[in-house]
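Residue numbers (our numbering), protein chains in the order written: chain A, -17 to 122; chain B, -17 to 122; chain C, -17 to 122.
Think of the hints as simulated: they come from the structure by calculation, not from any bench. No false leads were mixed into what you were given.
The list cannot tell twin chains apart, which means a pair is met if one copy fits it or any two copies do.
Restricting the straight-line Cα-Cα distance to at most 30 Å, the calculated cross-link-like pairs of lysine-lysine (BS3-like) are:
no. : residue 1 : residue 2
1   : K44       : K92
2   : K(-5)     : K92
3   : K17       : K92
4   : K(-16)    : K17
5   : K92       : K(-16)
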Amino acid sequence: MKIFQQSIQLREKRRGFHLITGEVLYALPQISEIKVGICQVFIQHTSASLTINENADPTVRKDFEMYFNKSVPENDPDYEHDYEGSDDMPAHLKASLLGSSVMIPIRNGKFALGIWQGIYLCEHRDHGGTRNLVVTAWGN
Amino acid sequence: MKIFQQSIQLREKRRGFHLITGEVLYALPQISEIKVGICQVFIQHTSASLTINENADPTVRKDFEMYFNKSVPENDPDYEHDYEGSDDMPAHLKASLLGSSVMIPIRNGKFALGIWQGIYLCEHRDHGGTRNLVVTAWGN
Amino acid sequence: MKIFQQSIQLREKRRGFHLITGEVLYALPQISEIKVGICQVFIQHTSASLTINENADPTVRKDFEMYFNKSVPENDPDYEHDYEGSDDMPAHLKASLLGSSVMIPIRNGKFALGIWQGIYLCEHRDHGGTRNLVVTAWGN
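All chains should be built: construct the whole structure from the sequences, respecting the hints.
Here you go:
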């Protein structure tokens, strides 16, 4: 069983949901050497997150941003953690609702994703800066 | 270290939450050969999802359906992605809230689940059709 | 490739969000023997959960408790599963929103967490009792 790991830094993206499947595959070309395995993508931040969803129509990603802004409001007077900006505490909550990692099966050197699936970077802050990921893949 | 992987297709289930622990175990009998390991179950769709929750009282699964329908409404006029039916965009959102995979430790050839835990297939569409899973297990 | 697994029982914690990174590391000292790998932490319950979020300001964890109580209300008259107390059905829903496991990359014998990241035990019940985790780590 082999295991490969690579850190990557994504350039700053604007607040919203962004497809990054290609960037992940580019970062760890050894995925192509694995016939049966798993890849984990992990984000080392608490105000951005990762999820898997539709890779086609960009309005899906716009609706994600709209929905999560309604569902996790800014400026709730009950927030106590409010000194890092009105987008900060909602960003922490969204990050835990969506999660800090995704796990994708590998088959014959490729991601065994469904035809409509892609990896989203979910940037929950207005100015989140660069984001660091750790990509790990293992298998035979 | 061994690794096993199997694709399975689940028959169409009606919208709601369904226990599938038995179907997963049946699909990958080699789990019984692993003394210490992990099993991942992955769904290759963006409008259905997987989670782990109570395996006993069926009203828990009915309340899941009720809650997620309230929490992620259909027909929000702010949705832009609305041409695949009123259940489509909510299905994408629910899928990311719940997640596209579950990971279960294996001990002595069995899932090390708590006594009340089972795997749910979460069908978020009215007519989702068959659903494809990839089950991967590894360990010694 | 090596794999290690350890069950741990956490003492009862009060309802809310609690940092447990140290308890997890203490439970599985063999993590230090892994140069490149992954650690999974799994909770064997359906009314408590695990997530990764900010490890510093405790008001973040208070705001998590506030937000999830608003977002998943007790005493919704539409709940059918209500005979185990008003905190029970919301606890099941919160557990699936946050998830039953976290996965952390390992690099050079340590968790490759971001500087602000820690593991939260999310106790959703008023009197949840002790909680059992299974910690599994693998790699080279």
